[in-house]
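With the hints as a guide, dock the two chains, each given alone in a separate frame, to form the complex.
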Amino acid sequence: MRVYGLHAGLIALLLALHFVLPAYHHGNLARVMVLASYAMGYNLLFGYTGLLSLGHALFFAAGMYGMGLGVQHLGLSPAPALLAGLGAGAVVSAGLAALALRTGGVAFMIVTLMFAQAGYLTVLYFGAYTRGDEGFVIQQAQRMLWGIDLSDPGNRYLAALILFGCCLMLSLWLVRAPFGRVLVAIRENEERVRMLGYDVFAHKFAAMVISGTMAGAAGAAYGLLFGYAGATFASVQYSIFPLLWVLLGGAGTVLGPFIGTLFMFYLIDLSSGITTAYMLIAGVALVLLTLFAPQGLMGEVRRRLWRGLP
Amino acid sequence: MLLSTRGLSKQFAGLRAVEGVDFDLPKGEIHALIGPNGAGKTTLVGMISGRIAPTAGRVLFDGQDITRLPAHRRMRLGMAYTFQITSVFARLSVAENVALAARRRAHGGQVNAVIDEVLERVGLPDRKDQEAGDLAYGHQRLLEIAMGIAQRPRLLILDEPTQGLAEGEIEGFKILIRDLAQEATILLIEHNMHVVMELAGRITVMNFGAVLAEGTPEQIRASREVQAAYLGGTSDAAAG
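Taken in order, these protein sequences are the chains called A and B.
Numbering follows the UniProt record's numbering, in which position 239 of the first sequence is assigned residue number 239; successive positions increment by one, without gaps.
Numbering follows the UniProt record's numbering, in which position 154 of the second sequence is assigned residue number 154; successive positions increment by one, without gaps.
Honestly, the hints are just simulated from the structure, not real lab data.
Predicted, not measured: the structure shown is a model, and the values here were computed from it.
Output of the computed footprint for chain B on chain A, the stretches with three or more beta carbons under 8 Å from beta carbons of chain B:
| hint | segment |
| --- | --- |
| 1 | 178 to 188 |
| 2 | 197 to 209 |
Below, a list of computed lysine to any residue pairs in the SDA-like style, where the Cα atoms sit at most 25 Å apart:
| hint | chain 1 | residue 1 | chain 2 | residue 2 |
| --- | --- | --- | --- | --- |
| 3 | B | Lys128 | A | Glu188 |
| 4 | B | Lys128 | A | Arg302 |
| 5 | B | Lys128 | A | Leu172 |
| 6 | B | Lys128 | A | Val301 |
| 7 | B | Lys128 | A | Arg307 |
| 8 | B | Lys128 | A | Arg187 |
| 9 | B | Lys128 | A | Glu191 |
| 10 | B | Lys128 | A | Trp306 |
| 11 | B | Lys128 | A | Gly180 |
| 12 | B | Lys128 | A | Arg2 |
| 13 | B | Lys128 | A | Tyr4 |
| 14 | B | Lys128 | A | Met1 |
| 15 | B | Lys128 | A | Leu305 |
Some chain B residues flagged as far from chain A (calculated, every beta-carbon gap over 12 Å):
| hint | residue |
| --- | --- |
| 16 | Gly7 |
| 17 | Asp65 |
| 18 | Glu218 |
Quick reminder that beta carbons are idealized off the backbone N, C-alpha and C, glycines included.
Chain B on its own, in the form it takes in the complex (with noise of 0.2 Å):
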């Protein structure tokens, strides 16, 4: 197992946020954590990524007890997060964001080649000298995930990467995500069903804090519990 967490819980303030989240993401795989809004999604991620503190449990990474770690430490381990709502360095270039990332692991004029590199991959590779906040919005999305390449993880966590890009775009992230599949292992917390269906290899849907389901794309289709708490009968899902 790449990651784990055990009895992973948050409470805010006596609400419970995250319950007891057993989760287990093996290497290689594309996992994508749905749910409805506020079933604590981004809070389990927020935990697992270091950015918010549990309240009990513990996070594992790579066999190793991470739950103490603040979050810079772990992203030296090998994770990457991208962040739900764009978070580029909006006044610097385009090559100083992913340089950023880079010079972490890489030095020098290795650092330049990074740059070269994982803006071609994500299709970017004329907007180096762009201020960030210029690009379109798609684009940062982009940059975004070029930031996280950059950083060649072991763990990539994308926290609703596909929000606001347009149909084309999507086409676009898929077969990246397929890609970078190829080298890290891709936790997804996604909305949009058929980007889910069609890339990941398992699905953990949440509720209210807690697991509710878990298993292949398939399964969590023919779950008539997830049906009945998410997917809401026939809609989304039936169709993808």
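Bound-form chain A, shown alone (with noise of 0.2 Å):
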């Protein structure tokens, strides 16, 4: 019950701060909490699963493709169009998955890695549609949802945190139920679980296509919600981002991609307020991190405080 209050707490605290916050810190947040859902996502299959995949951009980049293609090219309108997002986050990494699970370790990297540059090159090749690195915007008129205006900054604001409190509750019953238990196991020691007569590939295949369709869904947010798409999404910078997240806030903690992701944004924020070579900053605050916290800050709080963490 503690553990459910502290999560919902933070959902109250998030909803809270949108009365009292400035637009600037305001409009911040707002992309903070879709980034940190697409962290969430990626963290169920690393944190948890321990599957380190190098290849997420692809299914961020899918869920904010299908749904921005979407209202593009076929006129839809946002609910569909975000379910169209969602549904291809699913449909791409399950089809990942099922070729680079019959991989693991470096491998399965190598493999995640290169699909995803296939699927980047593939947002190139179809510049007629997607117009490549340039991109598009979704305008106003199209972001219309139910009545509501989703580039408004306080509606945006909304949306945002409905997305995230979704993915965070998800996040923290599955990581509870028996099958995050096993997902966990799994990480600690597979051969095991397949020897007490668990289904391992299953499980794996089930936590992918949890963990794209999750990205997926931050991806089509995050086009609808801030009116852009475009082929940077779907770089290899944006596969190593929600890793540089979870690792910061601590993998294998259901708050730690949300601790990460807002540490990372203000970290390059402020920093770059002191200094042009403001990635020099943040780089040197990642490495005292990682000398001393190597679990990420929620690691380091369920190390030293709160053993029960989830």
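So this is what it looks like as structure tokens:
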């Protein structure tokens, strides 16, 4: 109960911040919540199941383009477009899971990386539809969801909060359910899990599809809320980001992805206000964190303060 | 017969690890598998449990041909396997280790009941919340067995369960296995001859990948073939 209280408390806090934050930070936090949803999806596969994917940008972009192309070329309204994005994330992650899960370890990293690169090149190749690197803007008129204007900062924040809240509670429920416990066990000792009679492949497959679908949902929401879809979001950079966020915040903790995304976002934001060499400051901070909190911020909290933290 | 193998063979890159083994295990027996290092015991048990694919031959479990079934499906049919090298989930609690084994059959509140019951049985009731990796080695072996019991197996395969246990712990282990034999058939790979001679109803001796002899402890002890190949004349077995 205490656990659910903590996580519901975070959602309540974020809702309260909606009314008090200055416009600049309000906008930042909306962005962080969507990106944190992406990181939570990543965390289910990396942090809990122990599978290091370097290709999650493929799922994020599948969601973004599933939504964006639907709006742009099929004239979909936001609700079915979001569903199209979600479906694209699910289908693409199921396809990649079926192939990549035949490998493990380093080979899994390489296979996911290669397919994500192929996805990125596909976006560029079909530039006639996707407008490649330049991307395309989703107009305000195309972003009306049931009469609610999603380009309005207030609505955008609340929409981001709903997505974030759903992903957070789903993650929390999942990792405490028997299914999630088996994922953790696979991370710890795969062969033992198999010899306990569990179908390891089926569990990994399900984990990857849930993870990819959540990433796809975040990608679709990102495009819709901020009104833009571009090839950058399919690039390798966007596969590395969630890995960094999750590592910083604490892999295998439910709150870690949010904390890590928030931390990294403001680290870059604040240091770029001080110097143009802001990546240097960010880099040093990351090195320090890796040295003194190798399990990430929430991992440290779990180690020192609250051992049962999920 | 609960378990049978017919002509079961395994070659590793030209090396014949196991060659044409016909093996029968009736229900309710404690059966020991012995033999010198490299005789093929672990490979044979690996093929029975599905960890290793055979090059030839068949495995039958309770009348069903399971040769082509993957390991996890075999476990679901009622096998349980404990590893030769301790293989618990070191960073998870003792209770969670057992829960993972129990949850395949039990659900909800039943799981806790199973955890309490099996930890009591192996003598680790006060260790529930400890991380499994922090347990003493002997206790980790007991946890392995607890995970085996929690699966409620019909066939429990133990690969060198007493390896690394102290004398006192071995006594406790023998009592535990006799107790378990009431509800499950037990196949035991074991090096400790005292344990084998005291526990096993029947013994199979392997050498160079083939079955050398099979019989009761008395017959095995008396067999010249076995003594020549394995027991080295008089030493251990005669004393046991």
